[in-house]
Amino acid sequence: MSAKPKKTVHKKKHADEREPGVHQEPVPVLLFVILLLLAFWGMMYLHTNAGGFNRYVYGPFESYAMVSDVQPGSSDDPMKRGADVYKSICLPCHQSSGLGAPGQFPPLAGSDWVNVEGPNRMLRIVINGLSGPVEVNGQSWSGAMPGFGDLIASDEDLAAVITYVRNSWGNEASVCTPEEAALVRSESADRGRPWSSPELLNLSVEVQ
Amino acid sequence: MNQGPLLFLSVLCAMAASWMGFVLMPQVQLGNQSTRLVKEIGRHYPAERGGIAVKGHDVYRAAGCVSCHTQQVRQSGFIFDIVLTDAGDFTDLVTSLVQQANGDLSDQQAADIVANAPKTILEGVSKQTVDSIAFLFKDSGGKVAANIRPTGPDIDRGWGPRQTVGLDYLFDEPVLMGSQRIGPDLADVGSRLADRNWHLLHLYHPRTVVEKSIMPAYPYLFETREIGDSPSPDALALKGEFAPEEGMEVIPTPEANALVEYLLSLRIFHPVFEAPYIFTQAEPSENIDSEMEPAE
Amino acid sequence: MDVTQSSKSPSDWTEIDSSYRFPTLFLASKAVAWLLLGSIFSLIASIKMHSPSFLASCPWVTYGVMIPAALNAVVYGFALQGAFAALLWITMRLGQVKLVGPGYLFIGSALWNIGVLLGVIGIMAGHGSGHTYLEMPGFVSPILFAAYTLIGGIALVTFHKRQVRELYPSQWFIFAALYWFPWILTAGSYLLVMSPVRGVTQMIIGGWYASGLNVIVLGFVGIAIIQYMLPKLTKRDLHNGYLSLFSFWIIMLFGGFTGLLPGQSLPSWVGSLSAVCSVFVAFAWLVLAYNIYRTIGGVSGKSGGLSYKFIYFSAAAGLLSAVLTAWASRASVADVIQFTLFLPGLKWLHLYGFVGMGLLGCIHYFLPKITGIEWSRPAQWTAIFWTYAIGTSLVGIAFLVGGWKHGKGLIDPETPFMDVVREGIAPFVRMSTVGELLVFVAAALLCWNVTTLFCRTYCSCLCLGGLSQNKAGTSSETKKSQPKKSSKNK
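Protein chains in written order, with this note's numbering: chain A, 362 to 569; chain B, 5 to 300; chain C, 950 to 1439.
Any given hint could turn out to be false.
[As the list claims (entries may be wrong)] Computed, partial: chain A to chain B, Cβ under 7 Å:
no., residue
1, R416
2, Y417
3, Y419
4, G420
5, P421
6, V431
7, P433
8, S458
Keep in mind the hints are simulated off the structure, nothing from the lab.
Backbone N, C-alpha and C fix where the C-beta goes; we use that ideal spot for every residue, glycine too.
Same shape as in the complex, but just chain A:
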């Protein structure tokens, strides 16, 4: 073999060869400062660019609110209008999730008071309020809800918020028209006190 003369022996080599060692000195504080600054920058970056880690936020949209704000539709779309009314009046108790608060405010999402054929009872509750014990989805609730008939002066707003509640968070019920809202409002004009659960249950669900 021609290569034979070139053979060398590792024994000799290894004896000379030393493995590298390690100096150990503390990491400069500056690096930790940079790391902290980077972490701060990262948080800020995620705050503005990560869309709140929401699964519905893609591409040019910055947040979930922005996506829902630009959904197509007329300015008089009852769902948009209703959402505005809901935000200013109903949200403090029933929450943006429509789930209410356990033990205090009953849920609207999936509620058996909401998901019925007509909005008659809902309209009356919103206009005059509700007091005394009430059963929602088989669970009893006590407490009182004031009437908002005066606060929601326009029939269109009233109908819109009912429509919004009846078609959000998985609820799928019929639309409430401004005419229905006007009719119920005129019927309950001189009532002046909140409804109770048995009274409402005696009424039909649909506006007549």
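Using the hints, position chains B and C against chain A.
Relative to the frame of chain A, chains B and C by itself:
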């Protein structure tokens, strides 16, 4: 610095963190997506692919089409068109408001818009303008709608009406979104190029239909055979240098037909919540329709 | 200050070296063979980019099949296999320990090669899964996993039995890579190929796998090689072990999140998180580079020999690829380079430039040491270095610059698409073909050299009658016979 167990523990923690972030969290967020009812077309979206398009997806995967083609449309921004949907009862007031909203309109044009509502008042404006105009028309009796229009180079190229989102890939297995655009994006190719014969010719030899194409030909998806008693109705209409020899014809194999069916099924034809746009197409064209029945 | 020194007597070293001589040679020779095969596939794909009718009639070599076949051959065949060889050698050198169970290692490496071969054939036959880095058909993953259990298991047991308990920084990186790989392999192939998750989550898990494989597993082995070889070749001690630890932690925590650029059809948070994490990784790389710079600063390149050049190139490519990845993840840059040739540019810079160069430098250095046979033609190795380095640079520059141009064309809707992919990037594609050709020439030379060395080692063992023992350890005869030859040399 020689604590093996500590090293092991730290590797395990880092591993768990990255697993939670990019495996568990996406799965929790996106893994349980389901079809959604699209009111505009009255059906559930997305629909599961049916018929031979399923096989076509497999041909697409096996041939490695994903190495050159993406199936994702990017959107860099959005603008709005403002439409007067209903003039209401106070036409004089609304006419003046329309002029206020768009200063370029003459009296006559503004009056026309009010008389013929729904009509577009302004095109391509920002969200801020939309909000200020909506405020203008509040309580005037006139009603305006802001129609969102996605923008971006991909959309300008006509590769799709909106950005693609996670929901679009719900029934793809495997999901072949791609990462290279050596060839054009295919997310909406079924709407852009709806001609079956065009696709067959293109697969047989891309230069027959696109002169400058750099796509390779896929002759193995076709069979060149002798013409029997009469020419087959399926034979490709090839001319000039691409034509087969005298007495021969080129017939697409079932794989080629399946692949074309799959390509035609790639369409973005209505908005979703994550990527809104104004839905203008009335109905998807008939032949594709049969493959896109809702999965109810 | 605390400096570790080797304390083994020379005869122990002979025993240690011979314990892993054949398994490592086997792994290394197969690795370079896969590099050759991968570069042939890349070359075919590259030619097809400008001459689309080249080999068009055969479904086994379409562009769409060559690209994943080349990637998988290079990643699993060359990079991972080469990494096994290199990390075994480093583990045993630093731990001063004999290889545990060389027979199992043989079985493992044979099985690994069978798995990769089946996988690549599967891809070419049209059974690729379509997920980048996991294109191999589903049945291959269990084979690879079984093979890895043997290889990785032996590496870990050997690591555990080390004589020198004190850990050198390279060993942390190797240890982490060894644990990380089976996790991502099982999770990735299970969730994507065997029992796929639904919808777009596949894309995110694919990105997670890719970054785990590239940044953590291959990246850590590459870093381990750089941190071990450069001080060793320059006869220095590593500047500061704690700086390495600092980088180690950052890359390990953030490296698994870097694979997904903003701008894909994924929820915004995925791309943003990826962007932030890639900046952290680039920071860690800068710290590593500083540490290396302080270690080898002032050394002239010649004193380290050819291996030094290999590893130096590897370190530079690694730093460049980490910084470019961070830069590319800025939203404004990602808008341009997304879906362009820039991404394969980054990929090949990482695989050929960083990981590949490191492995070749390692192979060049340690194969003669463990076999006791010098390279018969050192000039060929110089040729290998230059062709490979120029080839890799050409591929990298062509794809990175061409990709930038590609992207600029794509985001301008006024430029017709055909002009973007034809006139716009054609010169760069030709350039990359030249680069691939050079890489192929280097790989062929490399393959020839390593295979000859393998044969010569085998023959010399046969002559010495050590065949029966050479797998499990060298006979005393071999040991005794070697000094004699050395005296002849002198």
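Results of checking the hints against the structure:
1. Contact between A:R416 and chain B, as hinted, is supported at the beta carbon level, the nearest pair being about 4 Å apart and thus within 7 Å.
2. With a cut of 7 Å, the hint placing A:Y417 at the interface with chain B holds, because the nearest CB-to-CB distance is about 5 Å.
3. Taken as an interface hint, A:Y419 checks out: its beta carbon lies about 5 Å from the nearest beta carbon of chain B, inside 7 Å.
4. Hint status for A:G420: holds, given a least beta-carbon distance of 5 Å to chain B, under 7 Å.
5. Here the hint on A:P421 is kept, as its CB sits about 5 Å from the closest CB of chain B, short of 7 Å.
6. The beta carbon of A:V431 is positioned within 7 Å of a beta carbon in chain B (closest approach about 5 Å), and the interface hint is therefore held.
7. Annotation: A:P433 was flagged as interfacial toward chain B, and the flag holds, the nearest CB pair being 5 Å apart, inside 7 Å.
8. Interface restraint check for A:S458: the shortest CB-CB distance to chain B comes to about 17 Å, outside 7 Å, so the restraint is violated.
Of the hints listed earlier, the one the structure fails to meet is number 8.
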